[in-house]
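Listed here are the chains, written in short residue letters.
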Amino acid sequence: MEDRRTLLQAVLALLAGGVAAWWLPQVLELFAIINATVYVAMALLALSLALVWGFGGILCFGQAAFFGLGGYAYAVAALNLPDTTYAIPIALGVPMLAAAALGYVMFYGKVSDVYMGVITLTVTLILFNFINSTAGEEWRIGAAPLGGFNGIPSTPPLNMPGDPGTALTPEQIFVIAVACLAGCYAACKLILRSHFGRVVTAIRENELRAALLGYNVRLHKLAIFAIGGLMAGLAGMLFANCVFVSPTMFSLAYSGQVIIWVMVGGVGTLLGPIIGAMLLQALTAWAGTLPEVNPNLILGLVLVVAVLAIPRGLQPTMATLLRRRAP
Amino acid sequence: MDLVLATGIQALSGIATLLLISLGLAIVFGMMRVINLAHGEFLMLGAYSAILAVQAGINLWVAMLVVAPLCVGLFGVVVERLVIRRLYGRMVDTMLATWGLSLALIGAVTMIFGNTVAGFSAPLGSVQIGAYSTSGYGLFLIAATMVLLAAVWAVLRFTPAGLIARGTMQNAGMAAALGVPTERVYALSFAAGAAVSGLAGALIAPMSGVVPTMGTAYIARSFITVITGGAAMLAGTSSAAGLLGSVNTLGTFVTTPVLGEVLMLAVAILLLRLLPQGITGRFFRRSL
Amino acid sequence: MTALLATEGLTMRFGGVVAVDNVSLAVSERELRCLIGPNGAGKSTFFRCLTGQYRPTAGRILWRGRDITGLEPHAIARLGIGIKTQVPSLFDGLTAIEGVTLAVRRKHGEREARRRAMAALERLGIGALSGALVGLLAHGQRQLVELATVVAPEPDLIILDEPTAGMSAEETAGTAALIREMNRDHAVIVVEHDMQFIRAIASGITVFHQGRVLVEDCAAKVLADPRVHDVYLGRPPTPQVVVPA
Amino acid sequence: MTKYFRDGGGDAVAVDFFPLDVTNFGPAIQKIQAAKPDMVVSALVGGAHVSFYRQWAAAGMKSRIPMASTTFGGGNESLLLSPEEGDGIVCAFSYFQEVDNAANKAFLEKFRAKLGANTPYLGAELAMRSYTGMRLWAEGVKRAGTTDRMKVIEALGSGISVDGPPGRTMLDPKTNHVTLDVYVAEVKNRGFNVLQHFPNSPPADTQSVCDLQKEPNANRQVVVDVRI
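Chains as they are written, first to last, in the numbering used here: chain Y, 1 to 327; chain L, 1001 to 1288; chain E, 2001 to 2245; chain P, 3001 to 3228.
Hints are computed from structural coordinates only; laboratory data are not their basis. A virtual CB, placed ideally from N, CA and C, is assigned to each residue, including glycine. Check each hint, because a few of them may be wrong.
[Stated by the list, open to error] Some chain P residues judged to face chain L by a derived CB distance under 8 Å, without partners named:
id, residue
1, Val3013
2, Phe3017
3, Phe3018
4, Ser3051
[As the list claims (entries may be wrong)] Here are the simulated DMTMM-like cross-link-like pairs (lysine to aspartate or glutamate), alpha carbons at most 25 Å apart as the crow flies:
id, chain 1, residue 1, chain 2, residue 2
5, P, Lys3003, Y, Glu138
6, Y, Lys110, E, Glu2072
7, E, Lys2107, Y, Glu207
8, P, Lys3110, Y, Glu292
9, P, Lys3174, P, Glu3154
Kindly generate the complete structure, drawing on both the sequences and the hints.
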């Protein structure tokens, strides 16, 4: 029974993605489309943390580091390559390798959970500081100036594969973003249903027992962490295509917000954080329009209440509510 | 010769500032295993309460040394009652809750005071060392930090309250069995940590830009200092502040400020890799 | 015939304290061995050296003659050793069948693994609990699920650390019978100090005392040996007295 | 900046860059004292960097070495610092609230009438530039007769100008930047004392490398050549 339910959820997700991708571009005008693409990219970032933290049991305070690396890798590659389609593998490879390297340092370094949070936080800070101070002329990779605090505004958007001349329109980029989100969601569902996914979930439940059954715990954690890094990098690439790449992608704000979204959406689920990300971004945007109220205050209070009231997050609480009411 | 002396003083004031802003966090984290990500905002509240006290006509020194720690200490009690008390033992949730608190505080202060509040300039004028002149207040800061460190050490080491606090932190169950009201000890310890942070915020106010987001500049530094310091609260934080403070100051002096920063963070990562439990995880293990 | 599992001069020192002092023992295929001794005799530390949780300070561990000292726990488990730790270590968030399937899944396909897992649960009489969430089960049931998880992949050797901890009298007797039945297909090493369980098992016994092997013999002789009584009652062992057979 | 020092006949003794969250400027102040420059030019920005001006005054350096800044005042720093710390710093912006002309006086009266008690201090440039920007757009819409994006862009390209409190602001068709009046002022008692006025200053550096009239849809990032 459980397998049918996961397949149903995966199909539903792809369907919802399809409808949104087809219908929204007709309805929304340009500014809203770009905004929607940012929401989708952020939801994908939340999904990557939901997979790594919710199922891998690895609380990474620095998921924004891979988000930023994905964006910057794409920007630098796109500026140096004739056809931006070749920039895609680089934009995914760099954050994945970075995640694997950071994962190796943490999981093979016998680091306890608390220090893992600290190390991921510190690494993001170092990247933020480093990228921020690359304003000078000498900081360029090939034809791409890193641009320090101002980021790289002149990043060329994705173009039709094989035809560098015609860049994709924002509507097309939105469709690609939704496709990526739905695709990654379905991929997560399949990964978690696979043997590898079950072992990763078991490791979250009890690391020692998994090891005593012969599973290489550190390798599995490294792998799921790298997959999370890849997804966050993909989100970074999408972000680079609808906004532009800047050091703020590495900032504490993004790392913090993504944790809030997953926490409020529901640690231990996939759909929860996606919904949480979209809802909270809309809430922050709405709060920004209120003259007297400062968005930080609302976002902060939401997190404090979320931690105190619903330790396992929005979606499971709703799910348990629904199940309890159903006979 | 005066160059060496002046640079030495710069290094000392760098270390003192780092120690000052980390001490409050060390008390809360070192003793209570509570990671307070709103620590930066506690500093900011300390600075703001000092400035508002001065604007209300209270003497500068009274405002800094009395009003600020008192206000932030009381605020600490409120925070402990409402939020922290429900999350003992849940390290990750405390991190997230205090992160939310930090965002909320920045938002609230920006709403109430706007982005700019008129600060007051550093008292005690300037002091001439050979060809170099440095601020008299900088020297006062170094002295104040040493006194504060000694005071906290003395309280923990010699007073019964200090003993009870240390006992409760190591084994709350046993302490309760001996009749110690552990709830109140936790509340007072968190308040003490908050008061020290408030005092630190007030002391650095004349030397820094007091804006609602000033906390974010300090939180990373104090966090890294306390974590690299390790379990033993005072010895750990002081040794880490000494190491990181001097690396940062001398690095900035010899090379560029950017390298000074990167050097400090690199040393921190190296330390975390070699000594995952921090400096006092290995050296001066039994000290306070 | 080389031993299935042997230790040569195994020593484990924590700073000044020598928890396991130069212990050499050998267990052959299909053997059932009990490691007994009062609390703090070094049994659990010795167990953790075998499972790779601790890296021994000196000495060697041999698996069918091959040196496996210092291997990671997962590498040791892969040799075909089923391990049950003192504190029950289970997948609370999964159902019983899911946990046990996972144990077998490393060597078999999904369907075959599920079939064997179900068989293991039934063999231990808890087939009915297969769909239950492990976290919600009672203590006794959890011990049985853990035993099923260890037995299901059919290891060559099973090592158990105090399987009867917190069990009632008849549950202990039941577990002893179960372990005898398991011993038909797998060698078993049990770390225990519950006298009632040891009498019920009546297998070869090695007595630990202050990190060293005091006595190693069949159950009858060991249980009659005055030194074992002294050690259990906390008196220093009386000098070697040979009791006529 | 070094290029403009050289063009002006001076030279840069030393240049330092600071990460945004640096708050301890002790070493930097000491390096400056060691270098004994005639003046210091700061491009520091952000809340943490205000500490530099504080520590500079605390070290008693304000009376010894004059200071100018390209960014001071933009972020209301003049309000943050006490008069002893801020007074005397020279800055240059396209507008100060204290600019003395009829348009500015009329604007300020209407502004205060509208907001009354909580009228904010406009300080330097930022608020006024946004106001003037909107008016330039409005002018483009008037000329194009429609708010359609492409038509307004065309109208803006045909040379639009607006007169207001900062003086005359003309949209330069070659660079899409603006030619405007620039004022040099020194900080005085948390406000500004306007010293000099340079009317109609064109965006010379951008014009030297970019001409949108010749190549209308150029979209590469243009870098002004400041190599010395």
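Hints versus structure:
About 15 Å separates the beta-carbon of P/Val3013 from the nearest beta-carbon of chain L, more than 8 Å, and the hint is not met. This hint holds: P/Phe3017 has a C-beta 6 Å from the nearest C-beta of chain L, less than the 8 Å allowed. Look at P/Phe3018: its Cβ gets to within about 5 Å of chain L, closer than 8 Å, so that hint holds up. Because the smallest distance between the Cβ of P/Ser3051 and any Cβ of chain L comes to about 4 Å, under 8 Å, the interface hint for this residue holds.
For the proposed pair P/Lys3003 and Y/Glu138, the alpha carbon gap of about 17 Å is at most 25 Å, so the pair holds. Simply put, Y/Lys110 and E/Glu2072 have alpha-carbon atoms about 13 Å apart, close enough for the 25 Å limit, and the pair holds. Between the alpha carbons of E/Lys2107 and Y/Glu207 the distance comes to roughly 19 Å, so the proposed pair stays at or under 25 Å and holds. Pair hint P/Lys3110 plus Y/Glu292 holds up; C-alpha atoms about 23 Å apart against a cutoff of 25 Å.
Restraint check for P/Lys3174 and P/Glu3154: the C-alpha separation of about 13 Å stays at or below 25 Å, so the hint holds.
Hint compliance for this structure: hint 1 alone is broken.
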